[in-house]
Every structure is written in C-alpha cells, then in structure tokens.
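**Q** Protein sequence lines, in the order shown, are assigned to chains W and P. Quick note, the first sequence lines up with residues 58 to 259 if you use the numbering used here. Quick note, the second sequence lines up with residues 340 to 538 if you use the numbering used here.
One thing to keep in mind: the hints can contain errors.
[To be verified] Where chain W lies over chain P, by a calculated footprint (3+ residues, C-beta under 8 Å):
#1 385-392
#2 438-450
#3 456-469
#4 482-493
#5 504-513
Source of the hints: derived by calculation from the structure; they are not laboratory data. Virtual Cβ for every residue (Gly too), placed ideally from N, Cα, C.
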Amino acid sequence: MGKVSLYAPIAYLVLLISSLALFSTIYRRRKVRRLIGLKPWFEEHDARDIYLSLKAQTSPKVPEKMLKAALLRRATEDVRRIMSLQESKPALAELHQRGAVGDEIWTRFLAAEKVMDAEVMECAGEANAIKAGWAQTLFPSAAEMVHNSRIRDRLAQVPELQKAEREKWEKEREMVVSELEKENDSSAIADAETKKTNKKKK
Amino acid sequence: MDYSEALLPIIFNEVTKHVALSEQDLTPSRAKEIHELNSLYRDLVALNADVPPPPNQINGRLNDQVRKLKDAGNASYKKSQYSDAVRMYSLAIEMALKRPPWEASGFVREELSVLYSNRAQAHMSTGAWGDAMVDADTAIYLKRNFPKAHYRKGKCLQHMGRLHEAKAAYELGLESGGADGSDAELKSSLAEVNELLFL
C-alpha cells in the first residue's frame, strides 16, 4: 500500500468546499441580477413619488393638509394595486401551474406582492407619524376613494351615452316613419288602381 | 428604502394653493395624479378635521341639500312640469357628487340610484326614451336590486321597439331580489312583451 499523504483528503475537501462556495455565490449573484433585471409588475408609483417629493420640499414649505392629501393619494394607489393583485392571483396561479404562463411572469407577480406589502407598511408608518392612529382609517378611506372614483367614471359617461341613445332612437323613428309613409303611398296607389278598374267595370 | 432618485422638483404655489410640476417632468400619468391631488387637497381644506373621518361618517349638511333638490324635483313632477323635474334631479345629482371622495361608496350609490331612477321617470314623461333608458340603466349600475329601475328601463326599450332587450330588462327586474312593489308591473309588462314577440 502506497503512502497516501495526509494532505490529500484535506486538499480534496478544500477543493470541494471552495468549488461549492463558488458555485453558490455565482448562482446567487445571477439570481439577484435576474431579479433586478425583471420588469416591475406595475408602472411607476407616481402618487408615492409625489408624496415623498412634497415631504422633502423645504422652501416654500408645503402645508400639512397638502402632505396629508398626497399620502391619501398614495394609499389610494396602494389599495388599487393590491385589489388588482388579488383579482388576478387565482387565474394567474392556475395558468402558471398549467404552464401557460412562464416562470418569469410568475416571479414578477410574487415580487410585486412583496413590494406592495412593504409599501403598505411604509405608508401606514407615514400616516401614524403625521397623526397617531391615522393608519387605521387611512386605508378604509382610500378603499372608498377607489370605489367612488369608479362610480364617478361611470357617471361621467352618462351624457355621452344619452346623446348616442337619443340619436339612435331618432334615426330608428325616422326610418319607421318613412317606411310607414311608403306603405301608405303604395296602398294609396293600389287603392286608386282598384278604383280605376272598378270604374272601368262599371 | 431609499427613494432619493425618485424625488421630483414639485412646487407648492402659495397664491393658487396648488402643487405643480415643471413641463419636462410632467408625464400624462403624473399630470393626472397632480390634478387629483389638488382636488383632494381642496376637499381636505374644506373638511373641519385634520384627517378624513371614518368612511361611515356622512356629511349631513350635504344630505339635506340633496334631499331638498330631490323634493323640489318630485314636486315639479307632481305638477306635470317634467322638464323642471329633470333639471331639479340633475342639480341633486350634481350636489350628491360634491361629496368628499372618502365617504362610504355604498351610501353614495344608494343616494344617487334614487335620483337617476327619478330622472328616468321624468324623462319618460316627456317621451325622451333614450335619455330615460340611460338614466334607468345608470340607476341599475348603482344599485342592482332595484326592480323599479329595471321596470323603467324595460318600458323605455319597449317604447323604442327593442322588445328583446325590454324582455331581458323585465326578467332581470324580477330576478333582482329587491322589493319596492314593482313586481306586479314587471310581470304584466313581461307578459305584454311576450305577447308582442309571439312567445
């Protein structure tokens, strides 16, 4: 039996562990890079950007109620986004499971959920910093704002819809009237002809 | 989180009491957001509290004003002054829409649905079937279990000769699950339409 150096297993272990470590760091780095490169689920959060910009503004100082309004707008957008995530989750999960939706979209969706969790926590923190306990009513208020804005959008269409229906009905009525007149005319002609033939017969 | 990159050069104008953003930073979505923000700011300034109350707290003064306009509309309707009634109901709708946006949307729906349904009836009395149909349909959008609004929508459609749609409206009204005493009218109108359709 040849002499095996004591260093051989140690060298083996070192090699093994370092290659595993190398693989893991590269793998993780790639994963992070892939996540960073992912397109965000939602567009830019304008309401949040505006709130933070107003908060950072020092001269002229922004009135407190303007900051509150901006935070309410931010919470409203948060609610809208959370509602949209909740609405699409079941269908998207099903599609992903069946393979109709790729991993990338699913990862983006899960990332968006995490982002929104953090965003809501932060927004609640801001509300409580402005007024203790406001976070408890901020989101209910924001939810009503989402509903009310949907209602207003629908009601704003009413005059236009009425104009369209009015015109449609006018056209329909004219057509019916002209058709009736035609019918009357042709029946009048028919009447006249029968009278003529009657006269001839006489 | 660090948002310093996202900060916008947004300015509060102390004269107009509005915030504004320079042209180069203005995207369409930001413009819309700023417009909404300025309008919400006005609502908050008009509010007699530092933050909006819980949604179920309803502005009582506005309630009274809406009710007065609605009563005026009803009075005009009873005197057969239908176009006056339409105008009063329209004013009541405008007034109801002045509610601050954080108030309970359920209440807003209820209040507005009655106004649209009444305006539909006033339009019907002047023979404006198209206008009336849209108003009745809007009342239904606001409150689905509203048999009277379904009935009015059906009547308008029937008058415009759209019998299949009228039939659907009456049937929906009977299925809507509401109870405002319109069931008998709905049933007889449905029978009428069925007869016209040779069903």
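**Q** So which of those numbered hints doesn't the model satisfy?
**A** Of the numbered hints given earlier, those the structure breaks are 4, 5, listed in rising order.
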